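Colleague: Below are the chains, spelled out letter by letter.
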Amino acid sequence: MREQISRLMDGDLEGAEAEAAFRELKQSEGFEHWTCYHIIGDCLRRTGAPTAGFSSRFAARLASEATILAPNTTQKPQPARLPLAWAVAATVAAVAVVSSVAVSMLDPQPTALAKAREANVIRTAQPRPQAVSPDYLLAHQEYSPTTLIQGVGPYLRAVSAGDGR
Amino acid sequence: MIAMRRPHPYLPWIGQALLAAAWLVLAPTASADDAAAWLDRAADAAQKQNYVGTIAYQHGGRFETSRLVHLNDQGREYEKLVNLDGPAREVIRMNGEVRCYFPDTKIVRVEPRTFRNAFPSLSPQQQAALTDFYTFRMAGRERVAGIETQAWVFEPKDGLRYGHKFWADPSSGLLVKARIFDERNETVEQFAFTEIAIGAKIDREQVKPTWPVTPPDWKVRQSAPSEDAKDTGWTVMRPPPGFVKIVDGYRRLRDAREVAHLVYSDGLVAVSVFIEPIATAAHPFGVSRQGGINVFVRQQDDNLVTVLGEVPIATVRQIAHSVARR
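In order, the protein sequence lines correspond to chains A and D.
Sequential numbering of the first sequence, starting at 1, is according to my numbering.
Sequential numbering of the second sequence, starting at 1001, is according to my numbering.
It should be emphasised that the hints constitute simulated quantities derived from the structure, not laboratory data.
Mixed in with the good hints there might be a few duds.
[As the list claims (entries may be wrong)] Pairwise CB distance ranges, derived in the manner of DEER restraints:
1. A:R2 to D:K1106: 49 to 55 Å
2. A:R61 to D:W1211: 34 to 40 Å
3. D:Q1150 to A:F54: 55 to 61 Å
4. D:D1073 to A:G41: 37 to 43 Å
5. A:A18 to D:A1088: 36 to 42 Å
6. D:T1194 to A:R61: 40 to 46 Å
7. D:M1237 to A:H38: 26 to 32 Å
[Claimed, not checked] If you want a taste of the chain D side facing chain A, the calculated C-beta under 7 Å gives, among others:
8. P1103
9. I1107
10. E1111
11. A1178
12. V1263
13. I1293
14. T1306
15. L1308
Computed from a predicted structure; not experimentally measured.
The C-beta atom is built at its ideal place from N, Cα and C for all residues, glycine as well.
Using the sequences and the hints, build the whole thing.
Modeller: Next up, the structure:
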């Protein structure tokens, strides 16, 4: 079981195997292993682990935070149909799941959940636009067929975010 | 030289005619040839036409505009792209070299080789892959940047690719708009000219870099393919169907680190795989996104594996988990 949880975290499981591992996570023992592996991983990567009591403090902050579930009409007009118009006010990436569920409960439109999810994906990607080196993006662009038919336009992907470092 | 698989170099017209004849017999559908011929025409127009215009780039919640000038002067290509909002950025392509200028941080990035020098034309395998994995069809006529364009769509047949829609100027074949969309038909990324003069008279002055000589206090950063042909020994065990390896070699990054670089393409898009010994500093693992490019970073033993391309997250993730030593 431990091995299955470890493989799940590595993204190695699919289909029925993944579902079985998710069921294990619902058991307290499985959840403990999962938490433990994440702390080990964080320590190895030196990204730091949350301090004691993080979960309860986080839950308290989340409960006190207002969540806006309607599109913000005072926003500047956006070109075309942008998913960001669905301003789910969650300020912390981890709130994504909670707010998506809330939106889906209040708004019966099937697309609302999808849009809210997408909005969160984009939001969470923004704080780290430099997650990939421009070296990589430029090297890739050289071999991408998009360059062949669109000229240097697609190089905007590599230069528009980030400052070249 | 970077070790490269070159299934077919750009063939002279006789070769193309023979290839076309072969396809009449072998091709599973006639449109395999149509799709490849259409791409050839778009590439040819992008290379040979002279044009100047304003291009709008839209991705995620962002929208930015840039000025683009392209000149083909007796077979030599010159291209200049300058953004019009945010911190100034300039991309110059000249004599087979791409330079990106970042004046606020005083950095210029140089790519000594360009795509056109390196990228082989589609192999028959890739031509077939195009219609095995995409439905290529003509869409409506739509007005873009004042031009009555003809739209074309590459609709993916599986969830491992995005959809692509292109709007072409019917007389020159030049693309004036390109949109990448996901399975919900939401725009992932879009490039569109808001105004363009095709066949304009372009002066060499218009494509000259703002900084023809790099100022002495600027940093020059190169990430050239390594000179030595070396087998990286890395491979993707289970590439998504239709993706063929087109590049396998080392690349020297700015601090002289050697990074293995593999490129897989399905003929319409590419996925790059970078493998390097892991540094001690913390790395952001997982998924990120840069316009239409999805990135997946993971650690594999003592190596950092970075996979990126114009494909959905699931595809870069699948490839990243399939990287192995041969």
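Colleague: Confirm or reject each hint.
Modeller: Each hint tested on the structure:
The beta-carbon spacing between A:R2 and D:K1106, approximately 51 Å, falls within the hinted interval of 49 to 55 Å. A:R61 and D:W1211 have their C-beta atoms about 48 Å apart, which leaves the hinted 34 to 40 Å range violated. For the pair D:Q1150 and A:F54, the beta carbons lie near 57 Å from each other, so the given range of 55 to 61 Å is met. Judged by the Cβ atoms, the range 37 to 43 Å given for D:D1073 and A:G41 is violated: they are separated by roughly 55 Å.
A:A18 and D:A1088 have their C-beta atoms about 47 Å apart, which leaves the hinted 36 to 42 Å range violated. A hinted range of 40 to 46 Å for the beta carbons of D:T1194 and A:R61 is consistent with their spacing of about 44 Å. Between D:M1237 and A:H38 the beta carbons are some 27 Å apart, a value that agrees with the proposed interval 26 to 32 Å. At its closest, the beta carbon of D:P1103 sits 9 Å from a beta carbon of chain A; the interface hint therefore is violated under the 7 Å criterion.
Using the Cβ-Cβ criterion of 7 Å, the hint placing D:I1107 at the interface with chain A is satisfied: the shortest such distance is roughly 4 Å. Interface hint at D:E1111: satisfied, since its Cβ lies 5 Å from the closest Cβ of chain A, which is below the 7 Å cut-off. Restraint check, D:A1178 versus chain A: the minimum CB separation of about 6 Å is within 7 Å; hint holds. This hint holds: D:V1263 has a C-beta 5 Å from the nearest C-beta of chain A, less than the 7 Å allowed.
Residue-level restraint check for D:I1293 holds (minimum Cβ-Cβ distance to chain A is 6 Å; threshold 7 Å). Because the smallest distance between the Cβ of D:T1306 and any Cβ of chain A comes to about 6 Å, under 7 Å, the interface hint for this residue holds. Of the supplied interface hints, the one on D:L1308 holds, with its beta-carbon coming within about 6 Å of a beta-carbon of chain A, less than 7 Å.
In this structure, the hints that do not hold are numbers 2, 4, 5 and 8, in rising order.
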